[in-house]
Amino acid sequence: MTHSDHYIRVTGLDVSYDGFTPAVTDLNMDVAEGEFVAVLGPSGCGKSTLLHAISGVVPPQSGTIEIAGRPVGSGRGDGSVPIGYVLQEHRLLPWRTVAQNIAIVLRAAGVPDDEVDLRIDRYLNMLHISKFRDTWPLRLSGGQRQRVSIARALAVEPAVVLMDEPFSTLDEVTARVMRQQLAELWEESSQTIVFVTHSIREALFLAGRIFILTQGPARVFDTIEVPVSRPRRYEDPRLTELEAQIVEHVMDEWGYGATAGEDAQR
Amino acid sequence: MTTEQVAPLRQITGGRLQRVQAFAVASLLALAVWQLATLISGGWVPSLWRIMTALGEDATTANIYAEMWITLRRIFITFAAATAIGIGLGVAMGLNRRVMAFFRPIVVMGLAVPDVVYIIVAILVLGTEESSGLIAMVLALIPFVINIVVGGVGARDPGLDEMSAVYRLRRVRYLVDVVGWQVSPALIVATRTCFAFAWKLIVLVEALSQPRGIGAQIYYSFRLLRPDHMIARALLFIVILRLVEAIIFAPVEKKFLGWMQ
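Taken in sequence, the protein lines are chains A and B. In this text, residue positions in the first sequence follow the numbering used here: the first is 1, and each later residue adds one. In this text, residue positions in the second sequence follow the numbering used here: the first is 267, and each later residue adds one.
The set of hints was computed from the structure by calculation and includes no laboratory data. Every residue, glycine too, gets a C-beta built ideally from N, C-alpha and C. Any given hint could be a false lead.
Stated by the list, open to error - Below are the BS3-like pairs computed for lysine-lysine, each with C-alpha atoms no more than 27 Å apart in a straight line:
no.	chain 1	residue 1	chain 2	residue 2
1	B	Lys466	B	Lys520
2	A	Lys131	B	Lys520
3	A	Lys131	B	Lys521
As the list claims (entries may be wrong) - Short, incomplete list of chain A residues facing chain B, as computed with Cβ under 7 Å:
no.	residue
4	Ser55
5	Val57
6	Tyr85
7	Glu89
8	Arg91
9	Pro94
10	Trp95
11	Ile104
12	Val105
13	Ala108
14	Trp136
As the list claims (entries may be wrong) - Which stretches of chain B does chain A cover? Using the computed rule of at least three CB atoms under 8 Å from a CB of chain A, they are:
no.	segment
15	418-429
16	435-444
In isolation and in its complexed conformation, chain A is listed as follows (with noise of 0.2 Å):
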């Protein structure tokens, strides 16, 4: 088995809120490098918090985190891999412009000078913002200022980029338009993503693959491949059915189902 094929490798996590209540449960995954890959799971199951154990924001109890080969760590200068991470809501410094921005993350990655303004035109040109690179991120608009946050994201030049719900506070014209872009990006970049949505449709027309996580604390309840060749449509049939045969498949595990109700009267 090749290094590529865990290029993120999540053994035995476990993690929890407060050092009581867990959050994630002995949860294992693997991700190939440049896959997208989509965590599913319903509100409050705790996507988000495997989102941070992953960047090593927030320790594990238990298990391990592995990227590259590299467990994750919790600091600078700590060897573990540069991460990008595209929050649901934009997490820019509203004092700061968009170029410095970008610029703050970048020296703190330890790019050198003369490369910085070089990285913030290319990516700024990449998302279609480049006109706002001297703007303050409150004249923006929430899908100008969550262009800028993957801008940030991917200019690192990360390992791994984490998306948590990125498109879910955008109105729904903004957000397929996003999405699109985003599909596109990852084409022409063949970037490792992981990208967390509670919308099985934005999952289904993003992710070659699919983690289904249970009710929290999260654990993986299934994997599922997506059958659908790129590029894809939102509005294609295929991903309608296999939207339909998910609700179906998770509504008990989710705990909508019939059994659920049962459980519930005993």
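Got chain A sorted already, so can you dock chain B onto it with the hints?
Chain B in isolation, oriented as in the chain A frame:
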């Protein structure tokens, strides 16, 4: 203070013309009330004309500016020490639970102690030296600054802390770019409050224990029953302080809060 809190403030105070009109109306009313008080008090409250005459006399004597300089120097020493220590401790308390647990009861007690007690205790312990008054004032002001700064640091966006952790921002960059700018409205409020209190308290210290300074001059005029000069000297110093505020604080505020607009 957040962006949401600053914006409505501007809406409430209105445009420049409205603010000038409001200022003019308020000033005229205050002058009218003062003149009425002069008439009612049978001359104990000096008339506007007497105050203006005293103001003219005091403004043309060189001595008053030397006294002002002494007071200004004391204010700046007190202000700088209290602001630096207060901001440092306030940020540390806001970021670290142990530091907070240690200093919180001290700050609460410090806020409750009347300012005059600091002055009296400092005079009893250190004598009537200039330094004793300054130390007393620094100790009295620090809890105010800490209280405002701790509130600002505590109200910061945890999402930005998360972003800093994800991108492994260095400690200094985190403190400057994330915490510092985020709490800058609170820091500005803290420095302004500290400056305003510093001037009021230093004048009190001078009146109680010092032979020099504007406070001593005001008290001297009071002992000679010359309320017109007492008020004139206070007014002159208020003008100087307003100028200092306009020259130093306004540009700093513009620089640090410009992004909110």
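Okay, the hints, checked on the actual structure:
1. B/Lys466 with B/Lys520: holds (25 Å)
2. A/Lys131 with B/Lys520: holds (25 Å)
3. A/Lys131 with B/Lys521: Since the Cα atoms of A/Lys131 and B/Lys521 sit roughly 24 Å apart, the hinted pair holds (cutoff 27 Å).
4. Ser55: Where the cut-off is 7 Å and the nearest Cβ of chain B is about 5 Å from A/Ser55, the hint holds.
5. Val57: Since chain B brings a Cβ to about 5 Å from A/Val57, closer than 7 Å, the hint holds.
6. Tyr85: holds (4 Å)
7. Glu89: Check passed: Cβ of A/Glu89 comes within 6 Å of chain B, closer than 7 Å.
8. Arg91: holds (4 Å)
9. Pro94: At about 6 Å, which falls below the 7 Å cut-off, the nearest Cβ of chain B leaves the hint on A/Pro94 intact, so it holds.
10. Trp95: Hint on A/Trp95: holds, closest Cβ of chain B at ~4 Å, below 7 Å.
11. Ile104: holds (6 Å)
12. Val105: holds (4 Å)
13. Ala108: Holds, about 5 Å.
14. Trp136: holds (5 Å)
15. 418-429: holds (count 4)
16. 435-444: holds (count 5)
This entry satisfies every hint, going by the numbered hints stated previously.
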